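Reading the sequence shown from the start, the letters are residues 4 to 328 in this note's numbering.
Read the hints as simulated data drawn from the structure, not as lab findings. Any given hint could be a false lead.
[What the hints assert, rightly or not] Calculated cross-link-like contacts (lysine-lysine; reagent style BS3-like; alpha-carbon spacing at most 25 Å):
(1) 161 - 108
(2) 161 - 91
(3) 161 - 188
(4) 116 - 129
(5) 91 - 175
(6) 108 - 119
(7) 129 - 161
(8) 274 - 175
(9) 175 - 161
(10) 273 - 175
(11) 273 - 188
(12) 119 - 129
Note that this is a predicted model, so its numbers are computed, not measured.
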Amino acid sequence: MTTRRDFVRFAGLSLGLGTIYTVAPGLHSTALGREFAGYSRHANGESVQPFTFLQLSDSHVGFNGPPDPLGIAAFERAVEVINAQPAKPDFVLFTGDLTHDSEDKDVHSQRMKQFKEIAGRIKTPKTYLVPGEHDAGLDHGQLFREHFGDTNYSFDHKGVHFIALDNVSRSKPEVGPEQIAWLKKDLSRFPLTAPIVVFTHRPLFDLRPDWEWFTSDGDDVMNLLAPYQHVTVLYGHIHRDDEYAEGHVKHYAARSLIFAFPDSATTSEKKPIAFDKENPFRNLGLRSIDVPADRAELAVRDVELTLREYSGINGIQQLTKSVIG
4 MTTRRDFVRF AGLSLGLGTI YTVAPGLHST ALGREFAGYS RHANGESVQP
54 FTFLQLSDSH VGFNGPPDPL GIAAFERAVE VINAQPAKPD FVLFTGDLTH
104 DSEDKDVHSQ RMKQFKEIAG RIKTPKTYLV PGEHDAGLDH GQLFREHFGD
154 TNYSFDHKGV HFIALDNVSR SKPEVGPEQI AWLKKDLSRF PLTAPIVVFT
204 HRPLFDLRPD WEWFTSDGDD VMNLLAPYQH VTVLYGHIHR DDEYAEGHVK
254 HYAARSLIFA FPDSATTSEK KPIAFDKENP FRNLGLRSID VPADRAELAV
304 RDVELTLREY SGINGIQQLT KSVIG
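The whole structure should be built from the sequences, with the hints applied where relevant.
Structure follows, in structure tokens:
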């Protein structure tokens, strides 16, 4: 018999340049899948249809220098890799720090235009964005809204409800009472069995508060989400992959497109991992996520990228020589 905790399944492939998620893969190809579809239609009014989406994060367009001298190279490489995949995602989620901030509004605006141009090359119907503190911290999100639209919103896609949360535009790691009231109203439209994906920039739990890896009112957000039985939170900010589960909620951080931070559990110093000229995309890695047929938990396997994966695309050695040398 189908259980509620089996309701939504996620599988994905992380390029280290982001994460691809497949929702309910093979949903209608098995008796169990058809039972899932029937259950979701009965419980939520709409059955979940299989689809794939992509999460990218922290491209920091405009940043160039130590610890990573490649600038936008990883971002552009991500676009090429995505477009080379035989199956295109339904849409892209970008979880903040699209750009590196500047006190010069014109410079920052130009960086946002450059981000939009690069992201616009991705062969997908739609891109959804939330700001990071480097996009919105200096001006409370004004420039971000001028270029990209609202900083928080929600939408539905094939039976899954998506919520974009802004936890940076108050110039501190906070969602704020107005947005929390909006979230409460937005969630009230859905039954507790509805599949929900929240995407935001900072973690909504206290991952490492002394490194600013937290949201001050994240507990208020999580208390609203806690009754819902199928919640996934996607975020960026920490420049590394991370997984955390509490109750019905699973949190996943995407790697960045610029440089990596170490595991905060292994060091007391918040210092980016040094750039490796011989392996310029080290710590970007591959993450393959599979969903076994007999259980709902994700099966995660991380694989570090090597030069071999990129040889023949544009020539990584030529890239590093031209950018570094």
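| request: Run the structure past the numbered hints and jot down the numbers of the failing ones, going up. | output: Of the numbered hints given earlier, those the structure breaks are 1, 5, 9, 11, listed in rising order.
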